[in-house]
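Chains as they are written, first to last, in my numbering: chain E, 8 to 114; chain W, 1205 to 1323.
Worth flagging that the hints you see were computed from the coordinates, not collected in a lab. What you are looking at is a predicted structure, and each value in this text was computed from that prediction instead of being measured. From the three backbone atoms N, C-alpha and C, an ideal C-beta is built for every residue, glycine too. Any given hint might turn out to be false.
Unchecked claim - Derived, one-sided and incomplete: chain W residues facing chain E with beta-carbon distance under 8 Å:
| hint | residue |
| --- | --- |
| 1 | G1248 |
| 2 | L1249 |
| 3 | W1251 |
| 4 | S1265 |
| 5 | Y1307 |
| 6 | Y1308 |
| 7 | Y1309 |
| 8 | F1310 |
| 9 | D1311 |
| 10 | W1313 |
| 11 | G1314 |
So you can see what is in the structure, the chains are spelled out below.
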Amino acid sequence: DIQMTQSPSTLSASVGDRVTITCRSSQSISSWLAWYQQKPGKAPKLLMSKASTLESGVPSRFSGSGSGTEFTLTISSLQPDDFATYHCQQYNSYPWTFGQGTKVEIK
Amino acid sequence: EVQLVQSGAEVKKPGESLTISCKATGYSFSSQWIGWARQMPGKGLEWMGTIHPADSETTYSPSFQGQVTISVDKSISAAYLQWSSLKASDTAMYFCVRRFGAYYYFDYWGQGTLVTVSS
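Sequences and hints are given; from them, build the entire structure.
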C-alpha cells in the first residue's frame, strides 16, 4: 500500500496567515492527489483533485502543488472558515489511501 | 443537487449484525460508483470499498475484504454497508462516498453514520 504522510499533524495559525501543509507519498503517485477539508462533526469536502485543480466554489486562496511524492496545500490568507482538518488522498494505486490529517487551529 | 443521506447512529453489542444505508439523490444512481469510508475516533480516513450500481461489481480495500459487505438497491438508489458480527474495533464514523467518474477520489460525501459497538 502507498503510505501518505502529512506534516505537520497540527498547525496553529492566525487569521490572515499564509499556511502550508505538506503531504508525502511512499512512492510516486504522479499528480493523482486529492485534498479534502473536514470540519468537526462534518463530512469531508473535496477541495481539489489532480494535485492542483480546485473544485468549483472553492475560494482562490486555496492552492495545491507538487507531483511525484511531495505535495503542498497552501492557504494564502487564512480565514475564520478555514479552521478545519485537511486530508490528502492518493488515487494512483489501489488501495486508495489517505494521510492522517492536518488540523489547522486558531493560534 | 447531489445528496447522499445516511441512516442514523447505531449502538450495538459485539457479535450483533448491522446494516447501515445511504440514499442517493440528484444524479443518475446507476452511472456512478458509490462506496464507504471509515474514520475511527480521532483518526484519519480509510477507504473501505466501492460498488457500481449497474452491475453490483464491487472492489474492497484489502483491509476490509471479508469483514464487511457492500451492496446496492438501484430501484431505490440506496447503498448499504453490512456487518455480520460486529467487534468493538468497528466503532467509528462511516461515510458514504461517491467516486468521481473514472477516478478514485470522492466528490460527494454523506453526513456520516456513527456506529458504536460496546458490551
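Structure-based check of each hint:
1. Interface restraint check for W/G1248: the shortest CB-CB distance to chain E comes to about 4 Å, inside 8 Å, so the restraint holds.
2. A hinted interface residue such as W/L1249 counts as satisfied when its beta carbon comes closer than 8 Å to some beta carbon of chain E; here the least separation is about 4 Å, so the hint holds.
3. Here the hint on W/W1251 is kept, as its CB sits about 5 Å from the closest CB of chain E, short of 8 Å.
4. Interface restraint check for W/S1265: the shortest CB-CB distance to chain E comes to about 4 Å, inside 8 Å, so the restraint holds.
5. Interface restraint check: W/Y1307 against chain E, minimum CB-CB distance 6 Å, threshold 8 Å, status holds.
6. A cut of 8 Å between beta carbons decides the hint on W/Y1308: the least distance to chain E is about 4 Å, and the hint holds.
7. Because the smallest distance between the Cβ of W/Y1309 and any Cβ of chain E comes to about 4 Å, under 8 Å, the interface hint for this residue holds.
8. A hinted interface residue such as W/F1310 counts as satisfied when its beta carbon comes closer than 8 Å to some beta carbon of chain E; here the least separation is about 7 Å, so the hint holds.
9. Interface restraint check for W/D1311: the shortest CB-CB distance to chain E comes to about 5 Å, inside 8 Å, so the restraint holds.
10. The restraint placing W/W1313 at the interface with chain E holds, with a minimum CB-CB distance near 4 Å, inside the 8 Å limit.
11. Here the hint on W/G1314 is kept, as its CB sits about 6 Å from the closest CB of chain E, short of 8 Å.
Of the numbered hints listed earlier, not one is contradicted by the structure.
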